[in-house]
Structures are given as structure tokens and as C-alpha cells.
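Residue numbers (full-length UniProt numbering): 1 to 399.
For the record, the hints were derived by calculation from the structure and aren't laboratory data.
One or more of the hints may lead you astray.
Mimicking SDA-like on lysine to any residue, the simulated pairs with C-alpha atoms at most 20 angstroms apart in a straight line are [claimed, not checked]:
| # | residue 1 | residue 2 |
| --- | --- | --- |
| 1 | K55 | K74 |
| 2 | K338 | K360 |
| 3 | K90 | G122 |
| 4 | K90 | N2 |
| 5 | K158 | V192 |
| 6 | K68 | E267 |
| 7 | K112 | V96 |
| 8 | K15 | G31 |
| 9 | K16 | D290 |
| 10 | K119 | S87 |
| 11 | K55 | N33 |
| 12 | K200 | P285 |
| 13 | K222 | N33 |
| 14 | K264 | L281 |
| 15 | K112 | L149 |
| 16 | K91 | D115 |
| 17 | K151 | N136 |
| 18 | K16 | I28 |
| 19 | K91 | D121 |
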Amino acid sequence: MNVLFLTMVNITTLKKRGIYQDLLNHFIEQGHNVYIVAPVERRHKTKTSFTQEGKANILNVQSLNLTKTNVLEKGLGQILIEGQFLSAIKKYIKNVDFDLVLYSTPPITFSKVIDFIKKRDGAYSYLLLKDIFPQNAVDMGMMKKGGLLHKTFVNKEKRLYKISDTIGCMSEANKKFVLEHNPDISRNKVEVNPNTIKPKFIEYSEEERVKIKNKYNIPIDKRIFVYGGNLGIPQGIDFLIETISDLKEPLAHILVVGSGTQFKKIEIWFNQNKPTNATLLSGLPRDEYDVLLAACDVGMIFLHKDFTIPNFPSRLLAYLEMKMPVLAATDINTDIGKIIEEAKCGYWVEAGDANGIQVKISKLCADNLDILGDRSWNLLQNEYLVERSYNLIVEKINV
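Using the sequences and the accompanying hints, generate a full structural model.
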């Protein structure tokens, strides 16, 4: 079948790894034709283009900056994107009949595109709900609840949910939140379809691990607790900094690898305080990051304490595929900590619990990490393989 995938992620190739790339590659492996429509932000100074990569067809649409920019441009960009996508689709892939239109949040502004494809082709519409917007912006103080902008986006959110034949949520808590806050949505159209990947496990000898640690000036005689990924307001960077500042466990060393709006803040703190028990690296290409990650010991997840929506960071999967225990410090609404602890592959503390996270760090310095790591791998195999997402989607079309 012909699959149309709409995304805000800047996908220019399927040769790189990621939750969307892995899923789309699996569609291709199963014999389907995939058409990807993704933005190319104005900072790249590249015009709209259409390329083919095997059975993957990639339409990159010129847009405003949608990431790493001010709130005004980001908001305007999200409003304009559906018109830009629709125009590009009508120009570059107007002769393709689609059986499935697949899309993820953010954004919530694809309704016109989805409506067009559904009416023209009779396509099935499947939403991969990766972000609950605009409530997340309200939680982070980036948008006023009840304001004009908030009301505008709430209407777009409801329109998107209504036009979707199925809404796939990242976890049970995610599903529960959507149903409780949208009582007009049929329970039958909402299901759990989590973040999934095609895992790539890297195993090093001790000599290789030492070589990698030396490359990045990371201690070879410590247990390395790594936080990798976006460094933004949603991650509650203040608590990450506090955790490093309070760290007294002699066997622990915290490695922070990432980029984002709060990177400068944490970089300034590192330059001023020069901690000996932590290392900061700017974001690395995915392949290099995977190599570094495989040489570390424990994965860390941070989420802002003020979230009322149940986020479920995809970085969990990167840790699980490297057979790493996980330490999560999050708000009380997400169920990611519950899942980690029920799988017995790590620990959870409430974001802001300064003493609690230090206790768990010390515990992980004493634990048998091989046992915890095997449980992490088992959790990945049982819940987060790409075949699960694919089967959930395809069975809807084949009914």
C-alpha cells in the first residue's frame, strides 16, 4: 500500500536511526511504498525538494524555523505548516493514491492535509500521539490558559483528534489522560502504541570502553550516569544541575550530552563551578552518541516537575537497547517511572526530590548492573520493538 507520513521532524533520509525512521523502514521492508513530508527550516536556506531513496519518497517543504527559535516564530510556523504541506503535496505527489496517512504530534496543525487525503483517497488516518499540545505549553508557562492563542490551539487539537480514525498513545497514562480530557472521543479509537525501535546493541570489551572514555575525558574508574538528549525547559534542567551540585557518591560521575534552549544555561554553570564529578558535551551525531552511550553505565531521564500531562521520553529506548539500568526523575503524572520499576531495571524519584535521587545514585553504584541491564533488554524486547507499532497500524487497514 501507499503510506503518507507527515512529520515536523527534519527527515531527509531513512538511513539514520530514530523512532520514525525505524517504523517507516519497517513499512518498506514489508513491501509498502512510503512518502514522507517533512519540513526543512529556513535556517538551512534550502528550498522545497522531492527526492527518492529506494521505496522511500521524501518531500522536504521549506518552512519557518520550528525548533530552537523563539515562541512567536515557532507558533506561527506551526500554524502555517499545514498550508505549506498541502501545497507541496498537490504539486509534487498529486498522482499518488494513499491507503494510509500516518502523522505524529507535534504539531496539531495537520488537519487540512489529513482531511484532503481522506476525502480524495479514502485513506485511513492514524495519529501517533507523541506530545499533548497545547497543555504542555501551559504547564511550562509558555502559554496562558484560556488566552486567544491557547483557545486557537485547543480547537485545532480537538479537530485533529476528531479527524483521526485511531489515536495511538505512548503509554496507558497517556491514553487515560486523552480520554479523561476529551470525553467526546470514542474509547474504541484510542489505543496504546508506544515509541518503538529496531534495536542495535553495542557490546565492548573493557579495553574498548576505556578507549572511548579517554576520548571524551570521562573517568575510567567511575560508574558513568549519562543524560543524553534535549536540554530544554521540559527537562527541568535546574534539577539536573542541582543533582550534579549535590553529588557526593565517590563512585558516580554524571555525563550530560545534548543540545537545546537550556544548553547555554548548563554550560555557564559548568564553566563557573567546574565540577569534577560531571562532564558536559554538546550534542553528537547519532552514530557517535550510540558509541559513547554503549560505554556508559546508567541512563538518566529528567522531566519538569510541573507537567500535568504524562510525557514518555523516547530516550528510554536508547538506554534499554544498550542494556543499561535507568534512573528517572519526573513529575508524578507520567508512568515511565512505574514501568521502569515494575520491570526492575532501574528506579524512579519525583522531580525535585534532591535527597531521593542521591540515594538512588548510591544504590546504583552498589547494584549488579549486569542483572539490571538484562532486565532493560527484556523490557525493550517485550514492549518496544518496531514490529508492535507496525502491526497495530496495519491491522486497522486490513480489517
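Results of checking the hints against the structure:
For the hint linking K55 to K74, the alpha-carbon distance of about 32 angstroms lies beyond 20 angstroms, and the restraint is violated. Proximity of K338 to K360 is assessed by CA-CA distance (about 15 angstroms); at most 20 angstroms being required, the pair is judged to hold. Note on K90 and G122: the hinted pairing holds, with a Cα-Cα distance of about 16 angstroms set against a maximum of 20 angstroms. For the hint linking K90 to N2, the alpha-carbon distance of about 16 angstroms falls within 20 angstroms, and the restraint holds.
In summary, the hint linking K158 to V192 is supported, as the alpha carbons are separated by about 19 angstroms, within the 20 angstroms threshold. Restraint check for K68 and E267: satisfied, since their Cα atoms lie roughly 17 angstroms apart, inside the 20 angstroms limit. Only pairs whose Cα atoms come within 20 angstroms are accepted, and K112 paired with V96 is accepted, the gap being roughly 18 angstroms. For the proposed pair K15 and G31, the alpha carbon gap of about 17 angstroms is at most 20 angstroms, so the pair holds.
A hinted pair counts as satisfied when its Cα atoms are at most 20 angstroms apart, and K16 with D290 qualifies at roughly 12 angstroms. For the hint linking K119 to S87, the alpha-carbon distance of about 16 angstroms falls within 20 angstroms, and the restraint holds. Using a Cα cut-off of 20 angstroms, the hinted pair K55 and N33 holds, with the two alpha carbons roughly 5 angstroms apart. Proposed proximity of K200 and P285 is supported: the alpha carbons are some 16 angstroms apart, at most 20 angstroms.
A hinted pair counts as satisfied when its Cα atoms are at most 20 angstroms apart, and K222 with N33 does not qualify at roughly 48 angstroms. Between K264 and L281, the direct Cα distance comes to roughly 12 angstroms. Compliance with the 20 angstroms bound is thereby established for this hinted pair. Under the criterion of a C-alpha separation no larger than 20 angstroms, the hint pairing K112 with L149 is consistent with the structure, at around 19 angstroms. With a C-alpha separation of about 17 angstroms, the suggested pair K91 and D115 falls inside the 20 angstroms cut-off, and the hint holds.
With a C-alpha separation of about 14 angstroms, the suggested pairing of K151 with N136 holds against the 20 angstroms cut-off. Proposed proximity of K16 and I28 is supported: the alpha carbons are some 15 angstroms apart, at most 20 angstroms. At roughly 16 angstroms between alpha-carbon atoms, K91 and D121 fall within 20 angstroms of each other, so this suggested pair holds.
Figure legend: structure checked against the earlier numbered hints; hints not met, in rising order: 1 and 13.
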